[in-house]
Amino acid sequence: MRKLIYLAIVAASTFFLVESCKKSDSGDQTNTGSSFDRKGMLTNMSTNIIIPGYTSYQAATVTLNTAVTTFIATPNAANLTALQTAFQATYKQWQAVSAFEFGPAAQINLRVNTNTYPADVNQINSNITTSTYQPDLLTNLAAKGLPALDYLLFGTGADNTAILAQYTTGANATYRKTYLGLLSAELKTNATTVLTTWTSTYPATFVNANGTDVASSVGQMLNQLVYDYEVLKNYEIGIPAGVQSMGTLYPQKVQAYYSKISVQLALLHIQALQNIYLGKSASDGLGFDDYLDAAGAKYSDGTSLNATIKAQFATAIAKLQALSDPLSTQITTNNAAVTAAYTELQKLTVLLKTDMSSSLGILITYGDNDGD
Amino acid sequence: MFNFIKAQFSSFFNTKRHIAPLAVMRMAFGAIMLISTIRFLLKGWVSAFYIKPKFHFTFYGFEWVKPLGATGMYLLFAILVIAAMLVTIGLFYRAAIVTFFLCFTYVELIDKTTYLNHYYFISVMAFLMILVPANRYFSVDVLRKPNLLATYVPNWTIGIFKLQLILVYFFAGVSKLTYDWLIAAMPLRIWLPANSEMPIIGGLLTHLWVAYVFSWFGAVFDLFIGFMLLNVKTRKLAYILVVIFHVVTGWFFKIGMFPYIMIFVTIIFFSATTHLRIIEFLRRITGKRKQETVSKRQEIVYQPGILQKQLIYSIIILHFTVQLLLPFRYLLYPGKLYWTEEGYRFSWRVMLMEKGGTAFFYIKDPATGKRSEVINSQYLTQFQEDQMATQPDMILQYAHLLAQEYQKKGIKNPVVTAQSYVTLNGSGTMLYVDSTVNLANEQEDWAHKKWILPFHTKQQ
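So the protein sequences, as listed, match chains A and B. Positions 0 to 371 (numbering that gives the first Met the number 0) are the ones given, in order, by the first sequence. Positions 0 to 459 (numbering that gives the first Met the number 0) are the ones given, in order, by the second sequence.
No wet-lab data here; the hints were simulated from the structure. Quantities reported herein were computed from a predicted structural model and do not represent experimental measurements. Any given hint might turn out to be false.
Unchecked claim - Okay, derived cross-link-like pairs now, BS3-like style, lysine-lysine, Cα gap no bigger than 25 Å in a straight line:
#: 1; chain 1: A; residue 1: K346; chain 2: B; residue 2: K369
#: 2; chain 1: A; residue 1: K346; chain 2: A; residue 2: K279
#: 3; chain 1: A; residue 1: K38; chain 2: B; residue 2: K335
#: 4; chain 1: B; residue 1: K408; chain 2: A; residue 2: K252
#: 5; chain 1: A; residue 1: K346; chain 2: A; residue 2: K318
#: 6; chain 1: B; residue 1: K411; chain 2: B; residue 2: K51
#: 7; chain 1: B; residue 1: K354; chain 2: A; residue 2: K309
#: 8; chain 1: A; residue 1: K252; chain 2: B; residue 2: K363
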């Protein structure tokens, strides 16, 4: 028996050693062997990017809420303009924190509660006419947050005079104002809840979960970076431009349809994601770029993956910069430019979702499962 | 030589062995299956994998295997739990193990998204356990019907499990004898540094040489561990290695119950004396000390009837022939196995690839020429989408689903194309399938899929 076994081993081993020596074209990663300081990256993210981001966003919601209160008390043209400005500032700040849907933000589903669009105009109007608003109702997701304010402040009339009239002489003007107040207060409360946790207990939890599994901070950051990027690609650009609907255009589905700052927001959004990738705030700290370099990650053309990703960020941003607001108009008049931007955004999806996560051995998943 | 083989053959089938290893095997397998099934339920996977998805990637030839709806699926898992318990205690053993095998295999056949070598291994083990009288010793069945008691069994009843385990390890080892694993230390050089936060050894894992040590040790371990377990001189050391190896891999990688299953079932390699000691220990903690003294002296040999024996022998020979050949079927396909995955499954290729992909699907209406990208999440779960992107047969199945769906939407003969970008062991993403081919017209069969693009990387 033993002789047979040895014979089998020798035969099989020889065969497969020969097989394995036929050089295959893979494994050209040149891992430098140097250890990457994941904890350092997490500290940089939390101290220099996430907490400042939430601080600015929360401050913006406070200003917005004050502007709403002023407007409710004295609905005039000047206060409306001031409120509109405060709203746009808040929407812009939101772009910087949209990607952090884990920990405190995930606990209260901040992203969908803040920015589910397109706004459901029928639901908003029915809330106003019936003088009821239940924030926890699922059907109210598209009748709250920034998109609802976008509609209420920019979409309820042809110009500011008409919009102002809705809050003064229009039907249901009183509850319309109340609704406005409820929505801005909700934004403020949510932002404050998240910021409070981020400025007290959560950073320690965040920095100490320094593994790479799905529940780890790196895993969550990367997963949400990719997820939020997909939101940008699909909801801000792709779906409105008709790429997923046999060419049927949905210009009214863009982000900030009524205030017409969609392109500006998309640019701020992608730049925020780029900063997360780079670990960049006022100065350039540890980010995924350094992590990839430390892992010696390569793109399929043999160049460094980090360089490829940085270049693709630049290309995608350039394509978005070529667009101008209102995006909804661009979609109908210059669709080719919008789909060109979409194409470049899609290339970046592959790099972030597949190349980056695979090079770092981080599972991109929104669920959980075994492997073998 | 012929006589030698004949003698080996005869001794494999006929030598008399004490039954104790079978009884321990039954309890070990049953218990670990019970834990696995309950764990699966608690993790919510029944719903996530078999209830929530709208579409399932069935196996070729098993398209008739469908999920049974929420009630049906939970019922199926309840049956699995009960069957595993019955196997463990050895009550209504044959019915229980047949039920377990059928239900477990049914679940596994529903969707290849969840395919894991260790699920396949469980099916194989459960199948082999149907053939043996594992309930004729230290079981409730024997308490119920004392005349079922047997103290000796023919060697094959124990040998088939040893042989199966040797094959699993050996093939897992053989599959590691590749350029990627041995020379490039892939994928461990990606996976190990990802664990660098671990206490004590974490810092070590970022060193490249450690990835080489792990790769080479893993290959040598898999190749030889089965034989070391078989040899009485090396057995103890081998089992210690088994425990260390599986505990460490279980600790590093997200591989669920697999390590514990292997640690439990490899006990079968130990001698009858060891197994009797295990049983004696179990007797003591369950407070049943007496009857052993009687049965130990009695020599009751289990022998299946002539017909039954012939049937079992044929099944065993057929089974192991298939087991020996299946892992080599990849040789019939051109291209790099890891890339095409043609002939990859059911071959004990474990933990060999860091592979990931993103797939975009497009539908074109041939009448209008209009094209649309598909929102994959409308049809697939994230898990299904990720698995599909890197496996050509799943890409094809999904393309066929899309063709059907868009046909229903009123597009005649929709053209379905896929752009999948796949990275393999750090290669960086490249186009995986020919994005000009209308997948709606391609058929699934055993032949090579010509629309898979070749794997190539440019070295810098």
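Structure-based check of each hint:
1. For the hint pairing K346(A) with K369(B), the CA-to-CA distance comes to about 22 Å; that is within 25 Å, so the pair holds.
2. Restraint check for K346(A) and K279(A): the C-alpha separation of about 22 Å stays at or below 25 Å, so the hint holds.
3. Only pairs whose Cα atoms come within 25 Å are accepted, and K38(A) paired with K335(B) is rejected, the gap being roughly 38 Å.
4. Among the hinted pairs, K408(B) with K252(A) is consistent with the structure: their alpha-carbon atoms are about 23 Å apart, no more than 25 Å.
5. Our distance criterion of 25 Å between C-alpha atoms is met by K346(A) and K318(A), whose separation comes to about 13 Å.
6. A threshold of 25 Å between alpha carbons decides the hint, and for K411(B) with K51(B) the separation of about 29 Å lies outside it, so the pair is violated.
7. Between K354(B) and K309(A) the CA atoms are separated by roughly 23 Å; this keeps the pair inside 25 Å, and the hint holds.
8. With a CA separation close to 23 Å, the supplied pair K252(A) and K363(B) stays within the 25 Å bound.
Of the numbered hints listed earlier, those contradicted by the structure are 3 and 6.
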